[in-house]
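There are 2 protein chains.
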Amino acid sequence: MRNGVPADNVRTERPARTGRRTLSRDDWARAALEAMRESGLGAIAVEPLAERLGTTKGSFYWHFKDRDALIHAALEMWVAESDAMMAAAARITDPAERGRWLTEFAFTGPQGADITTTLLVNSQHPVVGPFLERVTQERIAWGAALNEELGMPPEVARQHALTAWMMAVGIALVRRGAPQLLPQGDEADAYKRYVMELLRPPRAQA
Amino acid sequence: MRNGVPADNVRTERPARTGRRTLSRDDWARAALEAMRESGLGAIAVEPLAERLGTTKGSFYWHFKDRDALIHAALEMWVAESDAMMAAAARITDPAERGRWLTEFAFTGPQGADITTTLLVNSQHPVVGPFLERVTQERIAWGAALNEELGMPPEVARQHALTAWMMAVGIALVRRGAPQLLPQGDEADAYKRYVMELLRPPRAQA
DNA sequence: AGTTCTCCATACGCCACCGTACGGGAAGTC
DNA sequence: GACTTCCCGTACGGTGGCGTATGGAGAACT
Chain Y
1 MRNGVPADNV RTERPARTGR RTLSRDDWAR AALEAMRESG LGAIAVEPLA ERLGTTKGSF
61 YWHFKDRDAL IHAALEMWVA ESDAMMAAAA RITDPAERGR WLTEFAFTGP QGADITTTLL
121 VNSQHPVVGP FLERVTQERI AWGAALNEEL GMPPEVARQH ALTAWMMAVG IALVRRGAPQ
181 LLPQGDEADA YKRYVMELLR PPRAQA
Chain A
1001 MRNGVPADNV RTERPARTGR RTLSRDDWAR AALEAMRESG LGAIAVEPLA ERLGTTKGSF
1061 YWHFKDRDAL IHAALEMWVA ESDAMMAAAA RITDPAERGR WLTEFAFTGP QGADITTTLL
1121 VNSQHPVVGP FLERVTQERI AWGAALNEEL GMPPEVARQH ALTAWMMAVG IALVRRGAPQ
1181 LLPQGDEADA YKRYVMELLR PPRAQA
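Those sequence lines, one after another, are chains Y and A. For the first sequence, the working numbering begins at 1 and goes up steadily by one. For the second sequence, the working numbering begins at 1001 and goes up steadily by one.
It is worth saying that the hints were derived from the structure and are not from the lab. These numbers were taken from a predicted model, which means no experiment stands behind them. Treat the hints with caution; some may be incorrect.
With a cut-off of at most 25 angstroms between alpha-carbon atoms, the simulated DMTMM-like pairs for lysine to aspartate or glutamate come out as follows [said to hold, decoys possible]:
no., chain 1, residue 1, chain 2, residue 2
1, Y, K192, Y, E148
2, Y, K192, A, E1148
3, A, K1057, A, E1076
4, Y, K192, A, E1138
5, A, K1192, Y, E138
6, A, K1192, A, E1104
7, Y, K192, A, E1133
8, A, K1192, Y, E133
Assemble the whole structure, with the sequences as input and the hints as a guide.
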């Protein structure tokens, strides 16, 4: 009789018990993702999250089998967000503009918008690994497609996409761990332009 | 009468008790650094390390005040290694060659030779923060000096050094978390050359 | 040979977190 | 208004790691 997993989307019906509303599975997943953004995978911990949500473990273990199930749900939510982002970016028709938009986002997007760095650090985790693998492949393929639009041959396009992605990873990690190193204020804009210039189509290639 | 901290270098004298030798403070620090290279800061844990060293906590708490003291010692050891590396690299007179050597090292140096990524992830830790700050500043300044030797004006040299350092951070993290993404075999060499080319002196700059 | 010092083993209490058992209150159902 | 179902509170046992207390074996000293 454990774990009803009550469709979870239909639950919009139930009016929540008087006074305090009742939590959904998604509420937990959202909170977990948020915690992971802020403090890494270790922050996905049942009891602390319960307190943060103003409830107890009792709620959690009704909605989820165990902690890994929560991590899974949080990452599914992240994948959905990531896909939505890529879809949004794809609506920019000019590929060069699209590239600039991505660079801009890497530097000034919301702090920890991307948990790729966290996932890379925890890539050994059995739940994390597959998610990381999938999203990363998608993103690099996406970047490669963009580069091909810019006129690069497929092989170079992929190399370049990989490089840009690694640069983004580096930026994200530095933003998280040593943000004071990044140029601030008006120097920030100049630096962004400089990086965009650097990530232009390669000049030479065998 | 706690914590003798017995000079620790003079202890080469004592012939070790018959049979099993006795551990030094440095043995602990070395093991801690090693563990951190492999599995991050969380792997610096007293009891697991004790088992790994074939001893018990009793040994540890004789040599160290607490876990943070061990982290400190491990990071001091890392700083020493880092300084030695930079000194070794500085012996390469041709700056371009020196740059290539560093890129080479970023890609094919021993796995986890650099724990910068780990420290960036744990930059909030009170012991980690200062070490990260110091070494990072040194390295970027070092790279900036190299770039000035290559003819860049100081401002650009620093920008470029920061960028190269972030790229190295990205590479290190990917090597740790998703090495399969990096080109393997003979493609690896081509890719390295391509990255070196990318990190050449910038073509344009305002 | 006795004493002192060095280094470690063991046992203990504490805390944080995981997962389970079980009970119970409130909403809906008949 | 009983009854069921949903959702949660609470208590419990287990695990892993931190730090302390204390004893004790061997080496070194005298």
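Going through the hints against the structure:
Only pairs whose Cα atoms come within 25 angstroms are accepted, and Y:K192 paired with Y:E148 is accepted, the gap being roughly 23 angstroms. Between Y:K192 and A:E1148 the alpha-carbon distance is near 21 angstroms, which keeps this suggested pair within the 25 angstroms criterion. Pair hint A:K1057 plus A:E1076 holds up; C-alpha atoms about 22 angstroms apart against a cutoff of 25 angstroms. For the suggested pair Y:K192 and A:E1138, the alpha carbons sit about 23 angstroms apart, so the restraint of at most 25 angstroms is met.
Taken as a hint, the A:K1192 and Y:E138 pair is honoured in the structure, with Cα atoms around 23 angstroms apart against an allowance of 25 angstroms. At roughly 7 angstroms between alpha-carbon atoms, A:K1192 and A:E1104 fall within 25 angstroms of each other, so this suggested pair holds. A threshold of 25 angstroms between alpha carbons decides the hint, and for Y:K192 with A:E1133 the separation of about 23 angstroms falls inside it, so the pair holds. Straight-line distance between C-alpha atoms of A:K1192 and Y:E133 comes to about 23 angstroms, which keeps the hinted pair within the 25 angstroms bound.
The earlier numbered hints are all upheld by this structure, with none contradicted.
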